[in-house]
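Chemist: Now for the letters of each chain:
Protein chains: 2
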Amino acid sequence: MSRVPLFEELETLTDRECVELLTANHFGRIAFALDGAPMILPVNYVYAEPSVVIRTGPGTKLASTPQTIVAFEIDDADAAGAWGWSVVIQGPAFDITDSIDEYSAAIRKLPVVSYAPGERMHWLKIGAREISGRRFGTVPA
Amino acid sequence: MSRVPLFEELETLTDRECVELLTANHFGRIAFALDGAPMILPVNYVYAEPSVVIRTGPGTKLASTPQTIVAFEIDDADAAGAWGWSVVIQGPAFDITDSIDEYSAAIRKLPVVSYAPGERMHWLKIGAREISGRRFGTVPA
Chain A
232 MSRVPLFEEL ETLTDRECVE LLTANHFGRI AFALDGAPMI LPVNYVYAEP SVVIRTGPGT
292 KLASTPQTIV AFEIDDADAA GAWGWSVVIQ GPAFDITDSI DEYSAAIRKL PVVSYAPGER
352 MHWLKIGARE ISGRRFGTVP A
Chain B
232 MSRVPLFEEL ETLTDRECVE LLTANHFGRI AFALDGAPMI LPVNYVYAEP SVVIRTGPGT
292 KLASTPQTIV AFEIDDADAA GAWGWSVVIQ GPAFDITDSI DEYSAAIRKL PVVSYAPGER
352 MHWLKIGARE ISGRRFGTVP A
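Order-wise, the sequence lines are chains A and B. When you number the first sequence by the working numbering, it's gap-free, plus one each residue, and the end is 372. When you number the second sequence by the working numbering, it's gap-free, plus one each residue, and the end is 372.
Keep in mind that the hints were calculated from the coordinates and are not lab data. We put the beta carbon where it would ideally sit given N, CA and C, even for glycine. Incorrect hints may appear among the rest.
Here are the simulated SDA-like pairs of lysine to any residue, each with C-alpha atoms no more than 25 Å apart in a straight line [unchecked claim]: (1) A:Lys340 - B:Ala313; (2) B:Lys340 - A:Ala310; (3) A:Lys340 - B:Ala310; (4) B:Lys340 - A:Ala313; (5) B:Lys340 - A:Gly312; (6) B:Lys340 - A:Ala311; (7) A:Lys340 - B:Ala311; (8) B:Lys340 - B:Ala255; (9) A:Lys340 - B:Gly312.
Going by beta-carbon spacing under 7 Å, a handful of chain B positions derived as facing chain A [to be verified]: (10) Pro269; (11) Ala302; (12) Glu304; (13) Gly315; (14) Ala347.
The following label-pair restraints were derived from C-beta to C-beta distances [what the hints assert, rightly or not]: (15) A:Ala255 - B:Ile331: 40 to 50 Å; (16) A:Asp332 - B:Ser330: 47 to 57 Å; (17) A:Gly267 - B:Pro281: 14 to 24 Å; (18) A:Ala372 - B:Gly349: 17 to 27 Å; (19) B:Ile331 - A:Lys340: 56 to 66 Å; (20) A:Ala372 - B:Arg339: 33 to 43 Å; (21) A:Asp329 - B:Pro348: 39 to 49 Å; (22) B:Ser330 - A:Pro281: 39 to 49 Å.
Throw the hints in and build the complete structure from the sequences for me.
Modeler: This is how it looks when you write it as structure tokens:
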């Protein structure tokens, strides 16, 4: 994992802190290129070091992301602005729905539960090639 | 405004509902191309129909977004998964820090308050060329 040095003015999270936040949360957003322009969609996910695992149905994410570099982000912020944090991953997305390797078979057994309705027969994996996190204020435990 | 038909399986928000959510919130995320790959960063914003207005310091957002198409997203979801919504905008970003037109001068007076520390001398405007929103469950009032 390398770090993306974007956030000089904020406190930088360690890789371990990033992984802890990725593991503790299950709702984030994926950004990808759609017809040449950025798009963001919210997704539920499970983090399986070193991959973000999501499920999807037929549609934009499945049509646009496999074999491309995408970004994935989670965050939280105090509504009054006293604290906030975010973790961003960049890496390649793969459709592992039919992959026969052991890692893919294992992560297809993960409990990736989607809040939103709809069938999700397809599994996508985003490799955390680059990861970075930042924080300000005192985040409640 | 046109609609991006991405979210067939969820309830689609009307333009008016999207604008209400954009107006009521002040924390979102911007997605843009960084060295040819998608990046997502959280931002505070004010919605000034039909633009998202953010402030930024020198850095990635200022270096990468002006004169490009970006995406901007806000969302909220019940941690237990009972409800959720999101609004996504796609449109061109402009650095309006030194723009002398009346609209730019007016939106530079908006109270765009950033949670995170750091000086933000530059103003960016994202035109809401395309807007879409979706929802599931019963969102509390």
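Chemist: Determine for every hint whether it applies to the structure shown.
Modeler: Now the hints, each set against the structure:
1. A:Lys340 - B:Ala313: 23 Å, holds
2. B:Lys340 - A:Ala310: 22 Å, holds
3. A:Lys340 - B:Ala310: Cα-Cα ~22 Å, so holds.
4. B:Lys340 - A:Ala313: 23 Å, holds
5. B:Lys340 - A:Gly312: 20 Å, holds
6. B:Lys340 - A:Ala311: 21 Å, holds
7. A:Lys340 - B:Ala311: 21 Å, holds
8. B:Lys340 - B:Ala255: Judged against 25 Å, a Cα distance of about 18 Å means the pair holds.
9. A:Lys340 - B:Gly312: Satisfied, since the Cα-Cα distance of roughly 20 Å is no more than 25 Å.
10. Pro269: Proline 269 of chain B check passes; min Cβ-Cβ to chain A is 4 Å, inside 7 Å.
11. Ala302: 4 Å, holds
12. Glu304: It holds, given that the least Cβ distance between glutamate 304 of chain B and chain A is near 4 Å, below 7 Å.
13. Gly315: 5 Å, holds
14. Ala347: For alanine 347 of chain B, the interface hint holds, since the closest Cβ of chain A sits about 5 Å away, which is under 7 Å.
15. A:Ala255 - B:Ile331: 40 to 50 Å: Hint holds: Cβ distance 48 Å, inside 40 to 50 Å.
16. A:Asp332 - B:Ser330: 47 to 57 Å: Taking Cβ atoms as reference, aspartate 332 of chain A and serine 330 of chain B lie about 53 Å apart, which means the hint holds.
17. A:Gly267 - B:Pro281: 14 to 24 Å: The hinted range 14 to 24 Å holds for glycine 267 of chain A and proline 281 of chain B, with Cβ atoms some 22 Å apart.
18. A:Ala372 - B:Gly349: 17 to 27 Å: 25 Å, holds
19. B:Ile331 - A:Lys340: 56 to 66 Å: 60 Å, holds
20. A:Ala372 - B:Arg339: 33 to 43 Å: Holds, since alanine 372 of chain A and arginine 339 of chain B (Cβ atoms, about 39 Å apart) stay within the stated range.
21. A:Asp329 - B:Pro348: 39 to 49 Å: 47 Å, holds
22. B:Ser330 - A:Pro281: 39 to 49 Å: With a Cβ separation near 43 Å, serine 330 of chain B and proline 281 of chain A satisfy 39 to 49 Å, so the hint holds.
Violated hints for the displayed structure: none, as all numbered hints are satisfied.
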